[in-house]
Amino acid sequence: MLSRLVEDVLNPSDLDGPENSQDQSNSRKISRRGALAGGLVAAMSAVAGAANAQSRMTPQRAPGSRPPNNNGFGGGVSGGGVSSGSAVYSGGLVSGGSGNNPAVNTQRTWQDADLKLLRRINYGPTPADVAELKAIGYTAYLEKQMNPASIEDTACEARVQQFSPYLYDTFVTLNQQPWWSITGNWNDAVIVRSIYSKRQLQQRMLEFWMDHFYVDSVKVPGPVILDYYRSISQECFGTFRELLKRSANHGAMMIYLDNLFSTATLINVNYAREILELHTVGVNGGYTEADIYQVADAFTGWSVVEDGNPNENEFVFKPSLHMPGTRTIMQKSFPQSGKAQGDAVLDWLATHPSTIKYIGNKLTRFFLGKDASPALMSKIQSAWGANGDIKAVLREILSRTEIINSVPKFKRPNHLVYGSIRQLGLNLTYISGIYSGHLVKMNMAPFKWFQPDGYPDAFEYWAGGMVRRIRFVQEINSNSGLIQLMDVSAMLSMDDAARVTEINSRLFLGELPVTDQVWIRRYLKGKSGHEAMRSAISLAMAGSSYQWY
Amino acid sequence: MSRRQFLTGASTLAAGLVLPTWVPSVAFASSGSIRDALIVIYLRGGADGLTFCVPHGDANYYSLRPTISVPQPGSGLPSAAIDLNGFYGLPPAFQALKEVYDNGHFGLIQAVGRPNWTRSHFEAQKIMDVETDEVSQGGWLARHLATTQPLNAEGSIRAIAYADAVPRALSRAQQIVVTRNPEDYRFNNIFSNQEELNQAVGRMYALVADDTRPYVRDAQRAAIAFANINFGGYIPSGGAFYGESQIGNSLKYSAALLKSSVGVELIHMDAYGWDTHVEQGSTDGELHQNMLDLGSNLAAFYKDMAGSNVNYTVIVMSEFGRQVKENGGKGTDHGTAGCMLMMGPGVNGGQIHGTWPGLQQANLFEGVDLKPTTDYRLVLRELLTKRLQNPNVQAVIPNAPTGNTNFFKAA
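Protein chains in written order, with our numbering: chain A, 1 to 549; chain B, 1001 to 1411.
It should be emphasised that the hints constitute simulated quantities derived from the structure, not laboratory data. In this text, all values refer to a predicted model and were calculated from it rather than measured experimentally. Beta carbons: idealized from backbone N, C-alpha and C, even for Gly. Careful: at least some of the hints might be erroneous.
Unchecked claim - Covered by chain B, per the in silico footprint, the following chain A stretches (three or more residues, Cβ under 8 Å):
(1) 186-198
(2) 262-270
(3) 277-289
(4) 376-383
(5) 421-433
(6) 464-470
What the hints assert, rightly or not - Just the calculated beta-carbon pair ranges, DEER-fashion:
(7) B/N1309 x A/S528: 50 to 58 Å
(8) A/P374 x B/K1409: 50 to 58 Å
(9) B/E1366 x A/Q234: 54 to 62 Å
(10) B/G1232 x A/V218: 23 to 31 Å
Unchecked claim - Some chain B residues near chain A, calculated using beta-carbon distances under 7 Å:
(11) G1086
(12) F1122
(13) D1164
(14) V1166
(15) V1178
(16) N1181
(17) D1210
(18) Y1272
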């Protein structure tokens, strides 16, 4: 049957459908040009119609693999958007969506709930991660991951220390260092921990919170960012109330959202607006423009230590800049004076029903790829409690039932980079290569987003970067990369089926769809040598099965 | 199931998944119609329209902005506004555009906004980008592409976005490419069997049932189309000189793309840095530098394209303007009405469109902002109709108001 498939692939003229006709005309032109990579388009258009053959064939199943999901074919060949007979042009819209309307990926229907959890809370699960989860079970594993201090992580921390020597220094010491050395410190700490830490869920949560309480490193000086990063990272599994307060009581946020310029004489509402819109109740949370000004008044005086002091840019409340008076925010009165007023506003917002809904949905989208169902939202509301108990909320979002019903997510560039290196087991000795060579080029370097809303978490946004993504997975598997390559020598003596199995277990936890296995195996046919093995691995990683999780 | 049956079933299902409900009623423009290439420059952050189009004839402008206003023409200051009509002037940063204005090919629309507007960046941008309540219907520019035949039937790529990722206005569009640097938009050549490997990648994507597929296909087509264009060695016409900035590079690449007729008919670029809460520097600071970058590169593009036979229209938009009164940090907070810019042979330039709402306290929107007097959707509507020859404006900008406007020349 495999030969039948090949036949179909090689005879595109045999295919039907207006979309294919269009694709073919382009692909013929391209093949004539003989452009190096032109085959990709030709192959795509040719194979689109070969789904028929594919659906009929029964490929040899690699050991440990799961049955194919037959709903994978035909349903979403959405490239053309053509329906014959009506005046619909093929330049239609790509289907999919965000929030309640997830992007379409019908092929990734991972079966095993344990492994599904692992993919959501870990950038790139390794065989060791799988073994541990299977040994202690879903619930115990999740609990352990939510208590990062209980996880021995000395190897990773030693590596962090090597790249980020200033990570634990005081604010004053940090201020004495050249700014560039500090910048490298937090960049490298984020990258190294995301790749190597056994506390993977903590890194995933840190990713979430740093986007949520976003500050950027263009406006905020390096030492301040570093201190902010470590302050938030300690509270990933604490309470939302404390996180909100940490963000507000930090120079990073005061500088980033201009609150140091907001005084009793002339206010600046930048931070006040984002407290409501981005950090707590959300844009539909029930506040008015006037409420924003009331919040701004409450936060006058929240500032930073002046330049020239040893602890410059550290948070400080300046009573002389605070505007006295009672504030009324969303019909709630705040009679407190001084800094206590802002604190009271934050306390109140931390458990506001709109905040619970907004944060609950955002966390749910982050982990499950869709908004919380009414049932889940009700559980989140109960779990939130008096302070916003993050662990309790996560237990609901990451429950076995929710994980089973979660929908596929497209890996953001950082996820793809960290997970790939983790799963390939590459030993990074030169972090800047990953930073400037890949994260910057894929537009997701830490703290480099342009706006206070943090990096987007949507397929539609990142989908335009496919060229870079494919280049990345090829580069880290070739000699052109800046890092040590994966050792593939064990694969050399294997037969093709065993090679596919090896790739499957290493990168796909044994759940690579059979169709992908067929393509990789076909590619491997007659190949030998290190480069061929690595290119086959890159092929698996370039595929849709690896780009989504 | 025969192959034909299978494919029919598949395309029905695909149509159900893919196509918004309005599509069946769409009638396409006859092929061969001529429309402008469109360049949309979106200034993220809420650009200060009162500095783009200085109301130097309104004394309140100076009393409300004691430290950040652009001085009156004739004040003798080098930072003075360049008078346009005795009431409005251009900031000195837009000096290069004065000639284009005088040629009638650069125009401004003052006090642009929308009813029930918001001062939230993210909400305002989302609404402007999507222009419908249904996010699933994609961005407005994506719907424009979806409802028009390609300008160049031979071309494989219709739109380019100079961005880090897909701009929401182009969300769900097909035949688009996203890059900051088309010169670098290519696949690897690092494996000894690279072509075979790329073919294998293509085959895998041809079968996947997910939304990644069209993006991979478009990426590949673009890489091939761009390989034939010498971006690095491009020499602008007419002595035009582009700055080494994101806007400068993007406009230079755009000129090269449009002149090479590879089929690109829609160009989108985002420019950041317009959220000037602090020390905005209308004539000497951050805002001045950003406007200088925008204005000089727009003028270079105008000069560069002047000798070509490519019809184009540029529009510059932002999510809102800024508050009239300056704030405590010599900056401005989020406001309401802003200013749109338009450039090209098809615009009714050499004039300032829109009704001036006045800056007296009683005339300010909610007591603090410039009041919108022109719904920006009127501008987009007319642009789509007159310059882009799109007969399905209702599908692109649903429920847009209609009005007797005259921003553009009839094609």
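Each hint, compared with the structure:
1. 186-198: violated (count 0)
2. 262-270: holds (count 8)
3. 277-289: holds (count 4)
4. 376-383: violated (count 0)
5. 421-433: Coverage by chain B is violated here, the residue count being 0 at a Cβ distance below 8 Å.
6. 464-470: Our answer is that it holds, as 5 residues pass the Cβ test (under 8 Å) against chain B, meeting three.
7. B/N1309 x A/S528: 50 to 58 Å: The hint (50 to 58 Å, Cβ to Cβ) holds, given that B/N1309 and A/S528 are roughly 55 Å apart.
8. A/P374 x B/K1409: 50 to 58 Å: Hint holds: Cβ distance 54 Å, inside 50 to 58 Å.
9. B/E1366 x A/Q234: 54 to 62 Å: 42 Å Cβ-Cβ, so the 54 to 62 Å window is violated.
10. B/G1232 x A/V218: 23 to 31 Å: 28 Å, holds
11. G1086: Where the cut-off is 7 Å and the nearest Cβ of chain A is about 33 Å from B/G1086, the hint is violated.
12. F1122: 6 Å, holds
13. D1164: It holds, given that the least Cβ distance between B/D1164 and chain A is near 4 Å, below 7 Å.
14. V1166: This hint holds: B/V1166 lies near chain A, its Cβ roughly 4 Å from the closest one there, short of 7 Å.
15. V1178: 3 Å, holds
16. N1181: 10 Å, violated
17. D1210: 4 Å, holds
18. Y1272: 5 Å, holds
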